[in-house]
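Undergrad: Here's the letter readout for the chains.
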Amino acid sequence: MSEDATMRGKAAIVGIGETTYYKRGQSPDPEVKLVLDAIQLAAEDAGIDVREIDGFAAYANDRNDPSRLMTAFGSKDMTFNNMVWGGGGGGGSAAVANAVAAVLAGYSKYVVVYRGLAQGQFGRFGQGPQAAVAAGPGAFTAPYGLLSPAQSFAMRIRRFMHEHGAEQSALRAISMATYRHAQSNPRAVMYGRELTEEMYDNSRMIVEPFHLFDCCQENDGAAALIVTTAERARDMKQKPAWVMSAAQGSDYRQAATAHNSPDYATSNFKTLAPRLYAMAGMGPEDVDVLQSYENFTGGVLMSIVEHGFCEPDEVNDFFTLENFSAPDGKLPLNTSGGNLAECYMHGLELVHEAVRQVRGESTCQVPDANVSMVTSGPMVQPVSDLILAADRGVDG
Amino acid sequence: MSAETGAYLPEGLPRPGPAIDGLGAEFWEAAKRHELVVQQCRACGAFQWGPEWICYQCHSDDLTYTRVSGRGIIYSWERVWHPVHPALQEATPYIVVLVELPDAGNVRMAGNLLGDRTQDVVIGAEVEAVFEDKGEGDEAYTLVQWRVVE
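For the record, the sequence lines run as chains A and B. FYI, the numbering for the first sequence is 1 to 396, going by our numbering. FYI, the numbering for the second sequence is 1001 to 1150, going by our numbering.
Warning: the hint list may mix true and false statements.
As the list claims (entries may be wrong) - A few chain B positions that, by computed beta-carbon distances, are all more than 12 angstroms from chain A:
#, residue
1, 1044
2, 1052
3, 1062
4, 1069
5, 1115
As the list claims (entries may be wrong) - Here's a subset of chain B near chain A, in silico, CB distances under 10 angstroms, partners left out:
#, residue
6, 1082
7, 1107
8, 1131
Claimed, not checked - Okay, the calculated bits of chain B under chain A, using three or more residues with CB under 8 angstroms as the criterion:
#, stretch
9, 1019-1031
10, 1089-1103
It is worth saying that the hints were derived from the structure and are not from the lab. Predicted model only: the values in this text are computed from it and were never measured. We put the beta carbon where it would ideally sit given N, CA and C, even for glycine.
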């Protein structure tokens, strides 16, 4: 891959913003107002007028249409709008990548990536379909009580645990590290709510092997970030979080219905991870801090393996609270509390945290963090991932 | 394969139907006849599941549904404790298995594992299909469930 053909170091995240994060149904504002607020906060953080944003990139069938947003802001012009296919959080890093593509293609000056969720106003993710008929692919699962995301993904995790002898303690370590980090983060919905080993072990079972604390929260709120070119980023208010690499997509027949993807015990990153590292010119050994999307802890387990941080048969040794804890664990993980304990903002809060780490502003800062990675949406199709850096290796 | 009385899960869950474009209808019609079928390509012989309008191997659209033995192997499983549907409030725990069908290109099907809901489930165990008739009149349908082969 020639240098010129990639986005490596050519664009940056220059502003981040988020509303207060609420428990599901607790937002005093409707979803679209949350999104407008988050975008304004991101613009303020970047030091630009919100009307300067001329591109919009989102994912997961976000309900908040860019045409409405730019109209509400009174923006003069919209030059780009984009939606990543797929319903889960798999598009989080892909939306950032598409924003980068838009500024590098010359479509837009500033592209905002956003996500808004008011699950009180709209439907819940954790609930099963309530329709009388499950038509099409759902017919092969829903009538058997295989309805919710937790139930869909537990089946993949069980198979992975069977193939590699992974134990419950590996899942517990992920949950405990994220909760530990949330205790330093006042934005986190689970701030002030520590999780002990006993609490995890005694928590109710949702679907084996997932305890309550293996499952993400359901929340209300909105988050937004702003992407622009390296040329502009250099002279802006914030230290740029350089985009070194991004990858999006899906492995062979991963969306085969009725649980028929040929490679089943996977987070769907096996073909992406090599592309991600190749573009960055890096490997897992270069990563200082990782934000890995937790719909469920088991997805993090497979994501970490598939990004080369440990061998699949070594997870019981590698997955410990100590290894995942900032500031000096081997792989500080989900340092804001992530989807489990900060807020389930469909993983966009993970990108925000990756930016904070390269700015040196995290509430669980990894000292001198340079390479900050995000993995978005394990076990869904498509998925995506992203590497940010404080130093892009060009002009420091 | 046999029929069994008494539904594993209560009525009220979504009942199965073909996609809006009709895909999958043959499977549910066959299930009503207590036959297990899997989509197969007439051109190259490949099995595929779930159903699609073309064959993923050779791209032919000459597809049929082939009757298979109903013998399978447990590939993965889960025991559900938290009900996510009103119909399941009194039905937990229940077991869902993912079954691989060796005589149909190792495609997989999900269903409930009949019997004791607290039983140990063994990946690799041999199971057989059991047809469970549910609903009434125009809303009658048949689910394909699984039972461990002793």
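Undergrad: Indicate, hint by hint, whether the structure satisfies it.
TA: Now the hints, each set against the structure:
no.	hint	in the structure
1	1044	16 angstroms, holds
2	1052	8 angstroms, violated
3	1062	20 angstroms, holds
4	1069	18 angstroms, holds
5	1115	15 angstroms, holds
6	1082	4 angstroms, holds
7	1107	6 angstroms, holds
8	1131	13 angstroms, violated
9	1019-1031	holds (count 5)
10	1089-1103	holds (count 4)
Hints 2 and 8 from the earlier list are contradicted by this structure; the remaining hints agree with it.
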